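Engineer: These are the residues of each chain, in order.
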Amino acid sequence: MKKQFKMIDLDCANCAAKMETAIQKIDGVQDASVSFFSQKLTLEAADDRFDEIMKEVVKVCRKVEPDCTIVL
Amino acid sequence: MNRKQKKMLLRIIAAAALFTVALCIPAEGFLRLLLFLAPFALVGWDVLWRAVRNIAHGQIFDENFLMALATVGAFFLGEYPEGVAVMLFYQIGELFQSYAVGRSRKSIASLMDIRPDYANIEVNGELKQVDPNEIAVGDTIVVKPGEKVPLDGVVLDGVSALNTSALTGESLPRDVQPGDNVISGCINQSGLLRIRVNRVFGESTVSKILDLVENSSSKKAKSENFITKFARYYTPVVVIFAALLALLPPLFLGGGWGDWVQRALIFLVISCPCALVISVPLSFFGGIGGASKCGILVKGSNYLEALAQTELIVFDKTGTLTHGTFRVTAIHPDDISESQLLEFAALAEHYSDHPISLSLKAAYGQPLDAARVTDSEELAGRGVRAVVDGVTVYAGNDKLMKEIGAAWRDCHHTGTIVHVAVGSRYAGHIVISDEIKADAADAVRALKKQGIRKTVMLTGDSKAVGEQVAQQLGLDAVYTQLLPADKVEQVEKLLQEKTPRGKLAFVGDGINDAPVLSRADIGIAMGALGSDAAIEAADVVLMDDSPSKIAVAMKISQKTLRIVRQNIVFALGVKLLVLLLGALGMANMWEAVFADVGVSVIAILNAMRALKTKNIINN
Chain L
1 MKKQFKMIDL
11 DCANCAAKME
21 TAIQKIDGVQ
31 DASVSFFSQK
41 LTLEAADDRF
51 DEIMKEVVKV
61 CRKVEPDCTI
71 VL
Chain F
1 MNRKQKKMLL
11 RIIAAAALFT
21 VALCIPAEGF
31 LRLLLFLAPF
41 ALVGWDVLWR
51 AVRNIAHGQI
61 FDENFLMALA
71 TVGAFFLGEY
81 PEGVAVMLFY
91 QIGELFQSYA
101 VGRSRKSIAS
111 LMDIRPDYAN
121 IEVNGELKQV
131 DPNEIAVGDT
141 IVVKPGEKVP
151 LDGVVLDGVS
161 ALNTSALTGE
171 SLPRDVQPGD
181 NVISGCINQS
191 GLLRIRVNRV
201 FGESTVSKIL
211 DLVENSSSKK
221 AKSENFITKF
231 ARYYTPVVVI
241 FAALLALLPP
251 LFLGGGWGDW
261 VQRALIFLVI
271 SCPCALVISV
281 PLSFFGGIGG
291 ASKCGILVKG
301 SNYLEALAQT
311 ELIVFDKTGT
321 LTHGTFRVTA
331 IHPDDISESQ
341 LLEFAALAEH
351 YSDHPISLSL
361 KAAYGQPLDA
371 ARVTDSEELA
381 GRGVRAVVDG
391 VTVYAGNDKL
401 MKEIGAAWRD
411 CHHTGTIVHV
421 AVGSRYAGHI
431 VISDEIKADA
441 ADAVRALKKQ
451 GIRKTVMLTG
461 DSKAVGEQVA
471 QQLGLDAVYT
481 QLLPADKVEQ
491 VEKLLQEKTP
501 RGKLAFVGDG
511 INDAPVLSRA
521 DIGIAMGALG
531 SDAAIEAADV
541 VLMDDSPSKI
551 AVAMKISQKT
561 LRIVRQNIVF
571 ALGVKLLVLL
581 LGALGMANMW
591 EAVFADVGVS
601 VIAILNAMRA
611 LKTKNIINN
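As you go down the protein sequences, you meet chains L and F in turn. Residue numbering for the first sequence follows the numbering used here, starting at 1 and increasing by one per position. Residue numbering for the second sequence follows the numbering used here, starting at 1 and increasing by one per position.
No lab work stands behind these hints: they were computed from the structure. These figures come from a predicted structure and were not determined experimentally. Heads up, some of the hints might be wrong.
Computed footprint of chain L on chain F, listed as stretches where at least three residues anywhere in the stretch have a Cβ under 8 Å from a Cβ of chain L [claimed, not checked]: (1) 57–66; (2) 225–237; (3) 262–274; (4) 281–291.
Cβ coordinates follow ideal geometry from the N, Cα and C atoms, glycine included.
Working from the sequences, and respecting the hints, build out all of it.
Structural biologist: Right under this line is the structure:
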């Protein structure tokens, strides 16, 4: 499943790149991209575990940049 | 400026004022520290706070931490003014950067300003504005002059001119009348239109285009990936060098710790790769935005990058280089007049819907009197036989002429030839052929000038027709009589011919050539307005059907890559230079701050040039 999420207060380009790398490392994630300009996260992950993976995504993003929130 | 930025601006102004005061008061010792700490805390508390918090999260080489370390370090060395100044300038730079990014986001968003906000429907004789998402297929909507067409549909009544420039880059308005298809995103210029919707909003052209452009940034170019990878190593390496610089020389060479620690702090200030991380994707984003302004949709930065490396261009013929519609191009009567010959042919073909019959009737241009045709019969693979004004007329190919024993002549024109015999006497022939697009020859020339090594045309058409078109357009090679599967095979062969770095682009109209579009390095679909298959299969979509847009797309790609290279060289160059000078003790903190945020801002401004495409179209 491929889904897109809006990100609020993604203020630093380097953080976006770091988030992307961190998300790609999560088990079950097929592809992930964080766009600093469109402020969007595109996530492609296994269907059956999507919600679980999404929780993990939120967690790693908070670790990189606590000010940024993902609109679920 | 948004609220957050305004708040930051106030903080910077207040801190700058306090800083000036501190510089003017001749205080000593603890009082002096306090005087400088006040503006420092005011302008930099959030950086310090984020630094502490991110370390708790395990983010060591974080921009905030490095800046905090550099400025706090300056305070420990007793360089109070320097510590405050560095933080102040860092925040000014960050503010400017955030403002510039905001501006560029906005100007790109305004390019995409084709999303309709509402649709008008008639309820009890009154117009009501509703969300386009609520409209179903088969509903009737009303579009007033000056409004955007919100959904795809067919005009029920009303005549108007539509401005399609936001979609195609074409400035000439398109006239529509009842029965015509209209696509969403166009602006209705002159008359009131009543439209029956034939696609829901989510599937309408405007949604598809927006989707495509918004998703384009997720397919990254090689240089973007390079920068991301580079950024991952750059910061740790610079920080390690900083540590070595602070420790080794004082230990082994002796001398003051303060001087070397200060040099190390300069390293920390320059250790953020922000200028590159922001400006490279922004350039691609701008390039894609600029291209869509010209009616060229690029599905990803990787394709924009690849366009500049195109070596071979393979064209489909029908619908790409030619209009794909048949027209009468020559009439050669034997002993009757041209109009008589055409009249006979049109009448004979009166009951047929074959594209050739249609083009004959279109060329005749006058209403036909059906009563003059009494008996008509289609002869499969040969033509038609009909009784016109009581005389038997045959219209068809040479086989038919042989069959009836008419003394037919061949023609020196290439195209489809319709022979006409009245009774059993040969009356002459009409040549029907596909027309080459007006800008096709220019397009091929422009591509050659752009450095394309070889242009190739593939067609399912006959050898004679294919070769004639190829010769007229100045193409390097032509392969004819190909079935769709043969086209894939031919492209596979051509892929072997290119150099390792070069790319092969295939240009088609999206009909029957989806497999080839996806097999080529870059699949370009043209005239794709409304054709879903083409938008799906292609990597680059030309919204109108002029082949000259391919050269424009290549130019935009080359310009974008030039900007990317400039930014990489400039940002890295300045950083390395300041690092070197810093290590030698010849640079101060101020220069380091410039190498960090100053370079970022300049790189962002340069990246924004990728959006401007006016010069490219005019040349």
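Engineer: Look at each hint and say if it fits the structure.
Structural biologist: Comparing the hints with the structure gives:
Residues of the stretch 57–66 of chain F lying with their CB closer than 8 Å to a CB of chain L number 4, which satisfies the three-residue condition for coverage. With a cut-off of 8 Å between beta carbons, the stretch 225–237 of chain F has 3 residues touching chain L; three or more are needed, and the interface restraint holds. For a cut-off of 8 Å, the count of residues in the stretch 262–274 of chain F with a CB near a CB of chain L stands at 3, and the three-residue condition holds. Residue count for the stretch 281–291 of chain F with a Cβ under 8 Å from a Cβ of chain L: 3. That meets the three needed, and the coverage hint holds.
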